[in-house]
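Q: Once you have looked at the hints, place chain B on chain A.
So the protein lines, in turn, are chains A and B. Counting along the first sequence from 1, when you hit position 45 you're at 45 in this note's numbering, and nothing is skipped either side. Counting along the second sequence from 1, when you hit position 126 you're at 126 in this note's numbering, and nothing is skipped either side.
Treat the hints as calculated values from the structure; they're not laboratory data. Heads up, the beta-carbon is just placed ideally off N, CA and C, and yes, glycines get one too. Don't take every hint at face value.
[Stated by the list, open to error] Okay, derived cross-link-like pairs now, DSSO-like style, lysine-lysine, Cα gap no bigger than 27 Å in a straight line:
hint : chain 1 : residue 1 : chain 2 : residue 2
1    : A       : K274      : A       : K216
2    : B       : K99       : B       : K33
3    : B       : K270      : A       : K46
4    : B       : K41       : A       : K336
5    : A       : K46       : B       : K263
6    : B       : K297      : B       : K7
7    : B       : K263      : A       : K60
8    : A       : K336      : B       : K99
9    : A       : K274      : A       : K307
10   : A       : K336      : A       : K307
11   : A       : K336      : B       : K319
12   : B       : K99       : B       : K319
13   : B       : K7        : B       : K284
14   : B       : K270      : B       : K297
15   : B       : K26       : B       : K297
16   : B       : K99       : B       : K41
17   : B       : K26       : B       : K41
18   : B       : K284      : B       : K270
19   : A       : K46       : B       : K267
20   : B       : K33       : B       : K270
21   : B       : K7        : B       : K270
[Claimed, not checked] Label pairs and their calculated CB-CB ranges:
hint : chain 1 : residue 1 : chain 2 : residue 2 : range
22   : A       : E300      : B       : G259      : 47 to 55 Å
23   : B       : G259      : A       : G82       : 29 to 37 Å
24   : B       : G206      : A       : N109      : 26 to 34 Å
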Amino acid sequence: MSLPDATVEKPAAERRLTIAKAMSEAIGQEMERDPSVLVMGEDIGKMGGVFGTTTGLFEKFGAERVRDTPISETAFIGAAVGMAASGLRPVVELMFVDFFGVCMDAIYNLAAKQSYFSGGKISCPMVLMTSVGGGYGDAGQHSQCLYATFGHLPGMKVVIPSNAHDAKGLMLSAIRDDNPVIFMFHKALQGMGWLGTVAGSINDTPESDYLVPIGKASIVREGSDITIVGLGATVHQALTAAENLAKTGINAEIIDLRTIAPLDRETIFASASKTGRLLVVDDDYLSFGIGAEIIASVCEALPDPLKCPPQRIAHPDIPIPFTPVMEHFLLPDAGKIEGRVRAMLGENT
Amino acid sequence: MSSNHSKRLWMYAQMVKSRYFEDMIKPAYFEGKTPVFNMAKGPLPGEMHLSDGQEPCAVGVCAHLRADDTVTATHRPHHIAIAKGVDLNAMAAEIFGKKDGLAGGRSGHMHLFDPAVNFSCSGIIAQGMGPAVGAAMAARMQGSDAVAVAFLGEGAANQGAFHESLNLASVWKAPVVFVIEDNSYGISVPKSACTAIASNVDRAAGYAMPGHHVSGNDPDGVYEAAGIAIERARSGSGPSLIEIETSRLEGHFMGDPEGYRPKDEVKRLKEIDPIPAYRSRLVKEGFEESELARVEKEARALVEQAFSYARSNDYPEPKEAFDHVFA
Numbered sequence: 001m002s003l004p005d006a007t008v009e010k011p012a013a014e015r016r017l018t019i020a021k022a023m024s025e026a027i028g029q030e031m032e033r034d035p036s037v038l039v040m041g042e043d044i045g046k047m048g049g050v051f052g053t054t055t056g057l058f059e060k061f062g063a064e065r066v067r068d069t070p071i072s073e074t075a076f077i078g079a080a081v082g083m084a085a086s087g088l089r090p091v092v093e094l095m096f097v098d099f100f101g102v103c104m105d106a107i108y109n110l111a112a113k114q115s116y117f118s119g120g121k122i123s124c125p126m127v128l129m130t131s132v133g134g135g136y137g138d139a140g141q142h143s144q145c146l147y148a149t150f151g152h153l154p155g156m157k158v159v160i161p162s163n164a165h166d167a168k169g170l171m172l173s174a175i176r177d178d179n180p181v182i183f184m185f186h187k188a189l190q191g192m193g194w195l196g197t198v199a200g201s202i203n204d205t206p207e208s209d210y211l212v213p214i215g216k217a218s219i220v221r222e223g224s225d226i227t228i229v230g231l232g233a234t235v236h237q238a239l240t241a242a243e244n245l246a247k248t249g250i251n252a253e254i255i256d257l258r259t260i261a262p263l264d265r266e267t268i269f270a271s272a273s274k275t276g277r278l279l280v281v282d283d284d285y286l287s288f289g290i291g292a293e294i295i296a297s298v299c300e301a302l303p304d305p306l307k308c309p310p311q312r313i314a315h316p317d318i319p320i321p322f323t324p325v326m327e328h329f330l331l332p333d334a335g336k337i338e339g340r341v342r343a344m345l346g347e348n349t
Numbered sequence: 001m002s003s004n005h006s007k008r009l010w011m012y013a014q015m016v017k018s019r020y021f022e023d024m025i026k027p028a029y030f031e032g033k034t035p036v037f038n039m040a041k042g043p044l045p046g047e048m049h050l051s052d053g054q055e056p057c058a059v060g061v062c063a064h065l066r067a068d069d070t071v072t073a074t075h076r077p078h079h080i081a082i083a084k085g086v087d088l089n090a091m092a093a094e095i096f097g098k099k100d101g102l103a104g105g106r107s108g109h110m111h112l113f114d115p116a117v118n119f120s121c122s123g124i125i126a127q128g129m130g131p132a133v134g135a136a137m138a139a140r141m142q143g144s145d146a147v148a149v150a151f152l153g154e155g156a157a158n159q160g161a162f163h164e165s166l167n168l169a170s171v172w173k174a175p176v177v178f179v180i181e182d183n184s185y186g187i188s189v190p191k192s193a194c195t196a197i198a199s200n201v202d203r204a205a206g207y208a209m210p211g212h213h214v215s216g217n218d219p220d221g222v223y224e225a226a227g228i229a230i231e232r233a234r235s236g237s238g239p240s241l242i243e244i245e246t247s248r249l250e251g252h253f254m255g256d257p258e259g260y261r262p263k264d265e266v267k268r269l270k271e272i273d274p275i276p277a278y279r280s281r282l283v284k285e286g287f288e289e290s291e292l293a294r295v296e297k298e299a300r301a302l303v304e305q306a307f308s309y310a311r312s313n314d315y316p317e318p319k320e321a322f323d324h325v326f327a
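Just chain A, same shape as in the assembly (with noise of 0.2 Å):
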């Protein structure tokens, strides 16, 4: 089909944010659009974000609309869900996921469980964003990945993007999602150059304004022989994983989770029946994870089994060590990944 000249726009340049740049960029227009959005947690303000989330913001809407907190989460989180049953749209960050045990009752008793205490009649329209994953030396209290412990608890959403662009449009959606959402954002894929970011995750990110869907995963790489589910960081040790394993002919289909609660079951059981293997790379704790969910809901889901037992790769069930050795030992990465769905492939071809 061909479309008269003067309404084809042309393309424009590409934008290459960081996912704190986009982050910040999509809490920015939607304080603009929303005057009951604001931003609250340590460091925020001035700072703009540890992990550079709120960059900008305290200039642009000031300390009333951009409150750095005491260190005082209980109290600020839970002021939140104050604020959202009050008609407010907070964004509230807790710098480390690991730091959520101070606050915890605030998180999955209060704003998880408003909606349903309340049949219905009052919501918890939050965002709570933190920065997740290890690999930088930073030992157990700094490193955890805790995916599956939120995604445990029922009542909110749990989104986790892997590239800058999903990271803007699920931040949009999170904001003006009528419930309690945790954006998790990995510290390997944020953009500070001190973390040393992966390039993949720095992608064309539109100015206007779009929204991802919360709940939809996104099928990252096409592929016939294994699907290969990642979420966050290992999303792009799978693309590299795949790249290698591309040039003996294996072809992976990598899927890009984005959202864990909730899980888009569907689209990993169309693509585990098309290649008819199966393997979870998760970089959170290996029992009663991602992965064991994954392979449970396909083993229930699908009428024939696979091509060979799923498989999953995790961090093994032990805190995060400090020396490198140890934990770059312990973290998947494309090495394993390629092993692993070699030694799949193997066992049956």
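A: Only chain B this time, still in chain A's reference frame:
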């Protein structure tokens, strides 16, 4: 030589040792991390929180402590660890992630644990306070007169754990002392913007315990206040709170651009650096230059030895990561 003389010399020596330790960390930390600063690279990966400027808090308190007294420290722990007598070689090796480090490379700089001197840290704000109350109660129930000290930053005084721990300690008359190192910043946020009262020492009254305020980052002032508080704890009269005005001579972590801090502030703070200030005072009060020079030389030698030990120590076997997950 009076005991006061020897204590003050000890405090000076520990401050100097701590400062040398941090001075050796600085270049080592940046090895391999630049030109584009990457926290994961080099021999000292991860975040690094230096405590230079805060040495008086550690030495003034620890001068009263025995090995069987418990100390819980924060994510900024080096000065406290050194003053409590944590094994310097094993501590340096841990920070380098080596096999003979305190935890064999598993814990790193924010989680130094040395049971030989009852020292531990937590990287989570205010979370050392409850364990200190517990250690204090354990000592009492086991018939010992050992005490516990929880160090915290002024930002931690706004945490629930602070208020709950003070109350619990007071109700139980626990032999514990809470020491606030007030460097006036929680990462980037000044105390004035996040704490409802000007002085956290006033909060002690809310939990029926004595509070001591020490101004001027003064080791002797800390020593005096800590002496009263620790004696009260040891004699079974209950907990106390000490608030110390101190200063953070570096950013929150190494690599922190410190855009939140007035440009001339660090320069001003360095001019009132507590270590040269204490040295001058000691000299003025009759300490021999040669004696101070000797402890400085000894401290430097110990620190250099610890770094050399840490660098030459091997990395652990990666599979040893699976050890000690359970006792």
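Q: It remains to establish, for every hint, whether it holds in the given structure.
A: A quick look at each hint next to the structure:
{"no.": "1", "hint": "K274/A / K216/A", "in the structure": "holds, 19 Å"}
{"no.": "2", "hint": "K99/B / K33/B", "in the structure": "holds, 22 Å"}
{"no.": "3", "hint": "K270/B / K46/A", "in the structure": "holds, 24 Å"}
{"no.": "4", "hint": "K41/B / K336/A", "in the structure": "holds, 22 Å"}
{"no.": "5", "hint": "K46/A / K263/B", "in the structure": "holds, 15 Å"}
{"no.": "6", "hint": "K297/B / K7/B", "in the structure": "holds, 18 Å"}
{"no.": "7", "hint": "K263/B / K60/A", "in the structure": "holds, 23 Å"}
{"no.": "8", "hint": "K336/A / K99/B", "in the structure": "holds, 25 Å"}
{"no.": "9", "hint": "K274/A / K307/A", "in the structure": "holds, 11 Å"}
{"no.": "10", "hint": "K336/A / K307/A", "in the structure": "holds, 21 Å"}
{"no.": "11", "hint": "K336/A / K319/B", "in the structure": "holds, 16 Å"}
{"no.": "12", "hint": "K99/B / K319/B", "in the structure": "holds, 12 Å"}
{"no.": "13", "hint": "K7/B / K284/B", "in the structure": "holds, 17 Å"}
{"no.": "14", "hint": "K270/B / K297/B", "in the structure": "holds, 22 Å"}
{"no.": "15", "hint": "K26/B / K297/B", "in the structure": "holds, 20 Å"}
{"no.": "16", "hint": "K99/B / K41/B", "in the structure": "holds, 19 Å"}
{"no.": "17", "hint": "K26/B / K41/B", "in the structure": "holds, 14 Å"}
{"no.": "18", "hint": "K284/B / K270/B", "in the structure": "holds, 21 Å"}
{"no.": "19", "hint": "K46/A / K267/B", "in the structure": "holds, 21 Å"}
{"no.": "20", "hint": "K33/B / K270/B", "in the structure": "holds, 26 Å"}
{"no.": "21", "hint": "K7/B / K270/B", "in the structure": "holds, 25 Å"}
{"no.": "22", "hint": "E300/A / G259/B: 47 to 55 Å", "in the structure": "holds, 52 Å"}
{"no.": "23", "hint": "G259/B / G82/A: 29 to 37 Å", "in the structure": "holds, 32 Å"}
{"no.": "24", "hint": "G206/B / N109/A: 26 to 34 Å", "in the structure": "holds, 27 Å"}
Hint compliance for this structure: every hint is met.
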